[in-house]
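**Student:** Chain by chain, the residues run as shown.
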Amino acid sequence: MNFIVELTKYLMLLLVGLYTYYSFRVFVKRNKAYQDKAYRLMTWFLFVFHFTGYFTMYLQIRNDKLLILYFSQALMFFLAIHLYKIIYPGISGLLLRNMLMLLSVGFIILTRISFDKAVRHVIFSGLALGLGILVPLVIQRYNKIREYGWVYGIGGIGLLVLVLLIGVENYGAKSWLNVFNLFTIHPTEFVKILFVFSIASLFTKAKDIKMVLVVSVMAGAMVLTLVFQKDLGGALIFFVTYVFMLYVATQKPLYLLFGLSAASLAAWVAYRLFDHVKVRVVAWKNPFAYIDKEGYQISQSLFAIGTGGWFGLGLFQGLPTSIPVVDSDFIFSAISEELGGLFALCIILLYINCFISLIDVSLKNSDDFFRLLALGFSVMFGFQVFLSIGGVIKFIPSTGVTLPFISSGGSSIISTIIMFMVVQGIYQVSDSKK
Amino acid sequence: MKSKDSKSVSNNNSEKKAILSVVYIFVGLFVLMMGYFTYFLLVKRDDVVNSTYNLRHDVLSKRIIRGKILSSDGKVLAETITDDEGNEIRAYPYKDMYANVVGRVARGRTGIEEVENITLLTTYSKSPDAMYNDLVGVKNPGNNVVSTLNHKLTKLAYDALGNDRGAVVVIEPKTGKILTMVSKPSYDPNEIEYNWDKLTEDIDNKSPLLNRASQGLYPPGSTFKLLTALAYMRDNPDYMDYEYKCVGHTEYDGMRISCSGNKVHGRLDLKQAFAKSCNSSFSSIGKNISIDDFRSLSESFFFNQPLPARVVNNPSSFLLKVGESGVKEAMQTAIGQGRTLITPLHNAMITAAVANDGVIMKPYVIDHIESAGGRILKGYIPEEASRVMTVKEANYLKSLMRAVVTEGTAKRLQKLDVKVAGKTGTAETEGATSHAWFVGFAPLNDPEIVISVIVENKGSGSEYAVPIAEKIFDAYFD
Chain A
0 MNFIVELTKY LMLLLVGLYT YYSFRVFVKR NKAYQDKAYR LMTWFLFVFH FTGYFTMYLQ
60 IRNDKLLILY FSQALMFFLA IHLYKIIYPG ISGLLLRNML MLLSVGFIIL TRISFDKAVR
120 HVIFSGLALG LGILVPLVIQ RYNKIREYGW VYGIGGIGLL VLVLLIGVEN YGAKSWLNVF
180 NLFTIHPTEF VKILFVFSIA SLFTKAKDIK MVLVVSVMAG AMVLTLVFQK DLGGALIFFV
240 TYVFMLYVAT QKPLYLLFGL SAASLAAWVA YRLFDHVKVR VVAWKNPFAY IDKEGYQISQ
300 SLFAIGTGGW FGLGLFQGLP TSIPVVDSDF IFSAISEELG GLFALCIILL YINCFISLID
360 VSLKNSDDFF RLLALGFSVM FGFQVFLSIG GVIKFIPSTG VTLPFISSGG SSIISTIIMF
420 MVVQGIYQVS DSKK
Chain B
0 MKSKDSKSVS NNNSEKKAIL SVVYIFVGLF VLMMGYFTYF LLVKRDDVVN STYNLRHDVL
60 SKRIIRGKIL SSDGKVLAET ITDDEGNEIR AYPYKDMYAN VVGRVARGRT GIEEVENITL
120 LTTYSKSPDA MYNDLVGVKN PGNNVVSTLN HKLTKLAYDA LGNDRGAVVV IEPKTGKILT
180 MVSKPSYDPN EIEYNWDKLT EDIDNKSPLL NRASQGLYPP GSTFKLLTAL AYMRDNPDYM
240 DYEYKCVGHT EYDGMRISCS GNKVHGRLDL KQAFAKSCNS SFSSIGKNIS IDDFRSLSES
300 FFFNQPLPAR VVNNPSSFLL KVGESGVKEA MQTAIGQGRT LITPLHNAMI TAAVANDGVI
360 MKPYVIDHIE SAGGRILKGY IPEEASRVMT VKEANYLKSL MRAVVTEGTA KRLQKLDVKV
420 AGKTGTAETE GATSHAWFVG FAPLNDPEIV ISVIVENKGS GSEYAVPIAE KIFDAYFD
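One line per chain: the protein sequences are A and B, in this order.
Take the first sequence: its position 327, counted from the start at 1, is 326 in numbering that gives the first Met the number 0, and no numbers get skipped.
Take the second sequence: its position 146, counted from the start at 1, is 145 in numbering that gives the first Met the number 0, and no numbers get skipped.
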């Protein structure tokens, strides 16, 4: 049995490696026939990888519920690939597959960490993928969506303030809403979408200094509300997204410089003023000196990554559950521990691949609103991945954000899939115009 | 119309540039992050993984048979054996003899078992055999740690201490290799689970879990006169002309300091005062000493800080300080009483500085790591900690220490075939019998070993510590 766990470990690395290779290959080789062939191969890699992961786990825990979970996911992937292609022949096959590949990695590692969390994640992913089918349609048909900038903005602020007033605290941030005691939602995830829509819409209308000031105040209000919720990661993501959207909309590097220096100043002030910020920095600087308290989580994360080494310990062979919040913010460490550092590097490459594909849509579109929308989502996605992975490997202080597609969390997965589908809708429009 | 179109196109172009710069910024960030991740796995990983807080050590021990810890002369100090029922047991053949330095696995790893935990749980697995074992689930043997400890000397020191409490440290002054580190009383790591409660309760205050050699803090007594002499030499370039007339005691402001047994030493130069360990003359040196210089000298010898040694140790303390301490304390400190505390390992290092022409080498207990098949994987290289005195100073101190053997308190070492130099100490303790100290080295002209001995609450150094050193010198140069 050990034999098989060892063997499948290398097989999974090989499959993800091959998948990653082809995901970059199709950037370079732009002829349609080659791309179709590559996509077919990538689909194979995806399914074999997914099967190998569950096969390895089933061998070790022999729980038949695992089979149900596996087949429902396989069916989900199958439907996603085929239905999306039938309904929207023009969407990006690469982005679609990347999304499913990352989801499958998430399913496998979550199943290993907590069966219940995995079930929830599968259900929400399924819902989101179903809902996602409508998104490109809405984007393409309802031209009016570009006109409600103020509505999105004010709605977003309203939602965030509501959370600040009646929200509940979770992992130290007061950013959750309790819905009839049935479940909690994380409205920030949905406000992210409103935020990007609002800015894209307003800057499409005008880019003069007056508009810049007004939009900046609105964005600033959202960022501040998040700061008050003690959601540092969220505040940072909103801020950075805004600064880059402002820069691209106005093409004035000064805004970018000014925004980033303002952020540095704000970070420094926050470090001096707030204990919960200081704790994060202290834990980042020398986690092992504060291993009993502030540095506990990051130390455990580094132990996991370090012990896993390049090739990982194999599924169910490590101790990822010793890392607090491993199913959500710290899931990257679990991947690195059991599937290996090389595997983890492939995952980072896949995220880079997603980022480039997303921003490429922005680059190629001739519609101002769509261009800015796609750019906003690209930056938001890229920066969130950077914060999440950078935080758990101690590259930067940990800010407690989820890893898109992989971390458990219903709100997060729904909002990420909607973002991707918005960009897919834009992609198809620009593609069909050609 | 046309002009508006062209404007929109140029606008579009500069926006494209802006978007491209966003791509570069983010991809740059990601590449930096991947670089850091790779650097972590390549370079920083080993240190992080070896932390005792890493719970995953137990995971590794399911795959690997923990390696052996060996003495430099090939004796097994710790090994994992499998009993009849297939249970793995960590066995320590010499019971309590090495517990303080080799350490234990159960009840919190200590000693070499702790420091080299990951080494012992790592296999040199480049061979096809090891990979095959991994695949079929057969445990691979972990790497072995070969220590610098010499079993012959260790056993001798252990037996020589008898039933007394105390410690013996033997190091090589030229390399810093620790040949012997014995601490008594000790405990049997084979029985640790069984005896744990009794050991931690420590009803009779014998502290068997404490490694006295590197963690026990004692007043240095007259062994400290080495540093007092050096301080005097630095303050008074004419130290060769030092002269003192001992009347058996000296007094200052109502405090009386007597020579051992109130002995009247008469007229002395520095060498004679040192050899006879004359308290009157050394406390008089302390009376006139610059406290600032004395303190910075002792701190250059690693007082008030962790020792530069690759073994767990407690920092020694030198508390004499300008503004806080009066002349009385300075006089006490000069003869090794007062508030100064030192570990036997530290005392060995100071002696090693004299023996090694003024240079202290970092003491270490791990010589090299080898695979189960005997292939050397990693060797530890001797490392200089600090040059603490000039060759001239070292040579003069050597001659002082030699006089201790030829005409002073350690005369019984004269009958050895090898030329020994040293210093005895009798550290007074409140309301109890004194601790017996001896530090020394041999051969005089080309020192090979340094010995530091303490016997707790036993009496004078000449009487109780010197004989132990004698046995070790005798055995080593046999």
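Just so you know, these hints were derived from the structure itself, not from any lab.
There may be inaccurate statements among the hints.
Unchecked claim - In silico DSS-like cross-links for lysine-lysine, where the CA-CA straight-line distance does not exceed 25 Å:
id: 1; chain 1: B; residue 1: K410; chain 2: A; residue 2: K251
id: 2; chain 1: A; residue 1: K206; chain 2: B; residue 2: K16
id: 3; chain 1: A; residue 1: K363; chain 2: B; residue 2: K361
id: 4; chain 1: A; residue 1: K292; chain 2: B; residue 2: K361
id: 5; chain 1: B; residue 1: K327; chain 2: B; residue 2: K361
id: 6; chain 1: B; residue 1: K327; chain 2: B; residue 2: K286
id: 7; chain 1: B; residue 1: K286; chain 2: B; residue 2: K270
id: 8; chain 1: B; residue 1: K15; chain 2: A; residue 2: K28
id: 9; chain 1: B; residue 1: K16; chain 2: A; residue 2: K363
id: 10; chain 1: B; residue 1: K15; chain 2: A; residue 2: K251
id: 11; chain 1: B; residue 1: K151; chain 2: A; residue 2: K204
id: 12; chain 1: B; residue 1: K15; chain 2: A; residue 2: K209
id: 13; chain 1: B; residue 1: K361; chain 2: B; residue 2: K377
id: 14; chain 1: A; residue 1: K28; chain 2: B; residue 2: K270
id: 15; chain 1: B; residue 1: K270; chain 2: B; residue 2: K361
id: 16; chain 1: A; residue 1: K206; chain 2: B; residue 2: K327
id: 17; chain 1: A; residue 1: K204; chain 2: B; residue 2: K270
id: 18; chain 1: B; residue 1: K270; chain 2: B; residue 2: K327
id: 19; chain 1: B; residue 1: K43; chain 2: A; residue 2: K284
id: 20; chain 1: A; residue 1: K116; chain 2: A; residue 2: K64
id: 21; chain 1: A; residue 1: K209; chain 2: A; residue 2: K116
id: 22; chain 1: A; residue 1: K363; chain 2: A; residue 2: K28
**Student:** Does each hint hold? Answer for all of them.
**Tutor:** The hints, checked one at a time:
1. B:K410 with A:K251: violated, 88 Å
2. A:K206 with B:K16: Since the Cα atoms of K206 (chain A) and K16 (chain B) sit roughly 18 Å apart, the hinted pair holds (cutoff 25 Å).
3. A:K363 with B:K361: violated, 64 Å
4. A:K292 with B:K361: This hinted pair is violated, its Cα atoms lying about 33 Å apart.
5. B:K327 with B:K361: Given pair K327 (chain B), K361 (chain B) is violated - Cα atoms ~34 Å apart, limit 25 Å.
6. B:K327 with B:K286: Holds. K327 (chain B) to K286 (chain B) sits at ~7 Å (cutoff 25 Å).
7. B:K286 with B:K270: Judged against 25 Å, a Cα distance of about 19 Å means the pair holds.
8. B:K15 with A:K28: Answer holds: K15 (chain B) to K28 (chain A) is near 22 Å, not above 25 Å.
9. B:K16 with A:K363: holds, 12 Å
10. B:K15 with A:K251: holds, 13 Å
11. B:K151 with A:K204: Outside the cut-off at roughly 89 Å; violated.
12. B:K15 with A:K209: holds, 24 Å
13. B:K361 with B:K377: Given pair K361 (chain B), K377 (chain B) holds - Cα atoms ~18 Å apart, limit 25 Å.
14. A:K28 with B:K270: violated, 88 Å
15. B:K270 with B:K361: violated, 29 Å
16. A:K206 with B:K327: violated, 82 Å
17. A:K204 with B:K270: The given pair, whose Cα atoms are some 96 Å apart, is violated under the 25 Å limit.
18. B:K270 with B:K327: holds, 24 Å
19. B:K43 with A:K284: holds, 14 Å
20. A:K116 with A:K64: holds, 13 Å
21. A:K209 with A:K116: violated, 47 Å
22. A:K363 with A:K28: This hinted pair holds, its Cα atoms lying about 17 Å apart.
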